[in-house]
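Q: Sequence:
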Amino acid sequence: MFGLTLEKLLLVGVVAVFLVGPEKLPHYAAMLGRVVRQLRVLASGASDRLRDEMGPDFDDVDWKKYDPRKYDPRRIIREALLDSDDTPPHSPSPVQPPTDDPLASPKRAEDVVQPAPVITPPATEPSGPDISGTSDAR
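Heads up: the sequence shown begins at 1 in the numbering used here, then just goes up one per residue.
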């Protein structure tokens, strides 16, 4: 969690020894231990309260499914689009999952993107007085 490794924790400990000093270090270590214990009690209390409020449904929930580290928006959208239970009977064929090949041809006619026509204005002579200061008239 947070990319903490044993080396980083040891480095923080060494820096704490130098900053706090060996006299006050046991006091601050005890304070840190109390804070960690209070956080654990708070977390378990919240879990117990949630279990009490949800009742027997709490144990039926697959909590691993809600892990934010597994959140992948592309996968969620792909699963929602490929879900065949919600597909109306008159809809076109389901969307194919994207491929790694950016030049792959589309699978359906609806996926073909037509390029926009290029519109060029007609060539006309400028009208009105020449304000550029480079006129041929003397």
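Where hints are given, some of them may not hold.
[Claimed, not checked] Capping the alpha-carbon separation at 30 Å, the derived lysine-lysine pairs in BS3-like fashion look like this:
1) Lys8 x Lys70
2) Lys8 x Lys64
3) Lys24 x Lys8
Because the hints were derived from the structure by calculation, they are not lab data.
Q: Indicate, hint by hint, whether the structure satisfies it.
A: Each hint, compared with the structure:
Of the pairs offered as hints, the one joining Lys8 and Lys70 holds, with about 25 Å between alpha carbons and a cut-off of 30 Å not exceeded. A distance of roughly 28 Å separates the Cα atoms of Lys8 and Lys64; the hinted pair therefore holds under the 30 Å criterion. Distance hint between Lys24 and Lys8 is fulfilled; the C-alpha atoms sit about 22 Å from each other, no more than 30 Å.
The structure agrees with every numbered hint stated previously.
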